[in-house]
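Add chains B and C to chain A, keeping to what the hints say.
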Amino acid sequence: MISNGTSKTVVKLHVNGETRDVMIRSADTLLETLREQLGLTGAKRACQNGDCGACTVLVNGEPMHACLSLSIETVNQPIMTIEGLRNSSIQQEFVDKWAIQCGYCTPGFILNCHALANKRPDADDETIEEWMQSNLCRCTGYQEIKEAVKSVLQNHKNDSAS
Amino acid sequence: MIPFDFEYYRPESLTEAVQTYETLISQSKTVLYYSGGTEFLTFSRVNQLYADAIIDLKGIPECNVLELQEDQLVIGSAVSLNNITESNLYPLLGQTVKKIADHTSRNKISIGGNLHSRLIYREAVLPLLVADATVKLTGNDGETVHPLKDLFNQELKINPGQFIVQINISKDYTTLPFVSLKKTKISKVGYPVVSIAALVKERQIRAALSGVCPYPFRSSEIESVLNNSSLTKEEKIEKAGTLLPSPIIEDIQASRDYREFVFKNTLLETLEALEAAQA
Amino acid sequence: MMENPWFSVGKPEHRIDAVAKAAGAVRYTADYSVPGILHAKLATSTQAHAKIKSIDVTESWKVPGVRAIITGKIFPFHIGPILADRPPLAFEKVRYYGEPLAIVVADHEYQAKRAADLIKVEYEPLQVVNSVREAFKTDAPLIHENSGQYMKIISNVYPVQGTNIGSHIKIRKGDFIKAWENCEYKVKETYSFNLSDHAAIEPRCVRVEINPTGKVVVHSTTQSPFTIKKVLNQFFNIDVGNIIVHVPMIGGAFGGKGTVQLEPLAYLASKAVGGKMVKLEYDREEDLITAPGHIGLEATIALGTNKSGKLMAGQYTYLIDSGAYTDQAAGITRAAAIDCTGPYNIANVWCDSYCMYTNHPYATSFRGYAHPELTFAVERTMDQLAKIIHMDPVELRTINAIKPGNSSPTRTTLNASNIGDVSKCIERAKELINWNEGARKETAEGMIRAKGISTFWKTSTTATNAQSGAILKFEPDGSVNLSCAAIEIGQGTKTILAQMVAERLKMDINKVHVTMEVNTQTDPHQWRTVASSTTFLAGRAVMNAADDAIAQLKRTASIALQCSMEDLEIGGGRVYLKPSPEYGVKIEDIALGYKFPNGHAVEGQVVGHGRYIQRHLTPMDKDTGFGKPGPWWSVGTQAIEVEWNPKDCTYKILKALTVLDGGKIINPMTAVQQMRGGMYLGLSFASHEGFQFGTDGTVLNPQLRTYQLMRFGDQPADYIVDFIETPAADGPYGARGIGEYGVIGMAGALANALSRAAQIELNHLPLLPEQIWNVRKEFKNDSV
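Protein chains in written order, with our numbering: chain A, 1 to 162; chain B, 1 to 279; chain C, 1 to 784.
FYI, nobody ran anything at the bench for these hints, they're computed from the structure.
Nothing false has been slipped in among the hints.
Think about it this way: if two alpha-carbon atoms lie no more than 27 angstroms apart in a straight line, the pair counts; the simulated DSS-like pairs of lysine-lysine are:
1) C:Lys652 / B:Lys264
2) B:Lys233 / C:Lys777
3) B:Lys264 / B:Lys98
Looking at chain A on its own, in the form it has when it is part of the complex (with noise of 0.2 angstroms):
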């Protein structure tokens, strides 16, 4: 049985590939573990109530609101955070269409949309919307970020074409 008391207890949580320490209240959500005891700041604080969509990170590659998970639940689970992804396609289809504004959802989209195309690469609209209504974007209007990850999916499809 895993169990922590109400005091700070030191665990290992397996965060973007590598083994971290933390030391956690078992209150601390993922969120809070994330931002302030390992700078992964890419997790953004917006609702803390799992409405937003801007915390999200990949657990087990699951995209999750970190904001409603408790860091305790994560233990021996993989967590990838932004920060754990680099150069991806998704990230440059971001760019190329312009689905980035002022860039405080763009982490949790990115996440998002790069689970979808992991786990369902020949999502159809309606998955796609399904997936990407998890996460708010308050600039852009939503279009640009639609055609990214329509753009994503396309790409993925023609690669294990060839």
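Coordinates of chains B and C only, in the frame set by chain A:
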């Protein structure tokens, strides 16, 4: 962030979970079972929920089962809503829970958590009510199995210390014609104004509703009206509206009158969708 | 003229910050932390209007880690940008649900929150003023008993003692009363919507420390760093020179970060712990209701025309719901009067624009600053008027479109440079939305497809001395650093300014390094980054700085090349002789001065500086509104096509269109993004958003779960953007402002489209299916 501190336990067996609960209770602690945890996190950060200790059920193998076992579909209480939808083992349930919250949240929200929700919607219960699901509980009295309808009266009524291990649905129900509809104020992501899950078994409609009254329900009176072939669709809808188990609610999602309008529209849409299956 | 191979203005240069943002590597205000930093958390009011009888902090002090607890007693004074009417921490009474009452400072944020939650406040409830209409009644409870005594920070604000009127701005142009009597066709309608919010994805955050020498160092999510200095100086008696404000990139603002709200709180918090660094980071709930939001409005508009549909008289009454304090709503009240008519030529105008106190969360600037709001009311009236006259609504707008030679409501004379071409915008929009193929039709599936149009204008009402400065500092590799206090809030301003530098210096844009962060100690003064004024103000300053740098480069080069400065030209990283371009010197060889072969050196580093200040702007006359409040208007036409389901009143937005005359477009792609983003913001506001108030004035939807924004998939299937580029004579390269404009006509166009679809008059926002259903029901009842 959560302002208070609590203890966290992640047992690996049902017995361990129950024992942990008993021990903590004997220390006069407020204890909550926890699986997805989304509601615990969102409510406790605004001080609407408190616990001295939480017991995370995700480490218990029985609570993570999702499979057909002979003629029964078995769903562990800690299974995420997305896993249920993706498995497509019971499409009505899959389609209904797919409309709860947003996709990313559904990777975390568990079916057990939704059934226990403190909000009035608990939409996952709708497909279970129409499928005569049974529920396996465990607690200090050991494991017991109950028809869901005996436990679910407006909300899930189980003893302190008990928790849902699994939900069982007879395989027959999983292939019946169905319809799942959810109407919201405007956004696709949001609480329902009206949500309905219905299926047709032996040409009879079974329907359960959420959002209309202050709790989800399945009503035999309403079903008998919907199945009364001497009535037109419009008459059925009018009549059903008079048989609701409580007055229609009014809140920030919708006014009472508008909700009634949506309720009737949704019922009409349901009847139309299931017409062929009933013929 | 030789073609410039390094041209940048007019080219879709990629945003200079996009790669770092895609990597998640940009650090915003809340992303910085240092060991030992203290955290502040607010205790806020649970009542909308009540006397504070007592505040008990006994239990809060018992929480481990608590270092300070302060209440309104510590600073019992009023502050504000226009009228000083707001205590940073409530004292004596609270005036809105969510108002700050106390601050707890602790080692950890959760400790501060736990302690703040334990503060016990005893209230004596007062009668709540829950709408502008209630507020306007003569016997309404007073929210501010002594508003007449508040200090005025700018001249155009007129609180009326003994009422809930925080300001009243008048326009009296021509003879409205007489003209109205002679009108052939008349319409008078009322419009309304509740307060709403900016809901930038980045919540507001600030860090403040006071160092032992008395320097106050602020890091903030702000559009107005120099205003923070001004406010801390005016109200807290700190020397302006001792206040340093740092601003990294901002995660969206939309006007909401233009005013000063949390910085004084963090200052007081830091002061309470001996000047240690304190961070105050708002939770979403606080960002929505404690921090200022977007005004509500009730507007009544009367329009009259002659027989041929020419507008003769217009009367406008705007009751602006500013909530508990006037803040920028007092300025919005003024802006609503300045442009009250929309872009139509009307000789006789009567406008009363009131800034009304209510017990709602208070409001500040929101992208468009009164214009999305007044345009909704004006454009709905135009459509209803067209119906009365039996005239095509586009035709009605065309024949009344304002033109060079006409005058604005404040009687500014218009010319092609300051007004652009309204008629051309209408004409282009009409083409692009295929207006002539029909504005309403039923599909085979029983859906209704309908279009709506909206025309708009907006001047940039800056301070009359609004200004900007820029510094260009050359590197020894020939590249150049640009410092300018324009804030990057996502609008792309730093990219635009880099383009102007590249264009002016005829150099590769990759050799222009823009300092993304702002530091008020090292960057030249900039009024604010609001009011679509930055391309204009900072753009002019940057060009001025480039010219200065060019002069310095030429001077050094003239020494090196032994020629006169007049003989020289600059381009491609070189200064060269005009008649023999092959003879020249590389900038890298003169950037830090020129060194002769014998070691002697001359001139030194090239540091260009430039500035620009508004000219010939004036405040408005109190009784008639006469004055020149802005330098130019950008104008445009927008349109919407919806598919509406008559069965359940739900709808989809098929097309959203903007045609804007914003003068020369510096970057066509970022300009398109601004228009699309603006359209989305306007549509989200018009269709989804608004606070819902309980009868006691509490906010029932203070989270993004219940305060819903448009999500991915709700956006129009098709966004169409086109520009008419009538140059502004004094704009940089002929540019006017464009930042706010995409949002302005959306509510009007959507309401017009849906009104046409449902064949009812939709005059209240948001346009939820329930709202449409409700109006249709009343309409049917009325017609029975």
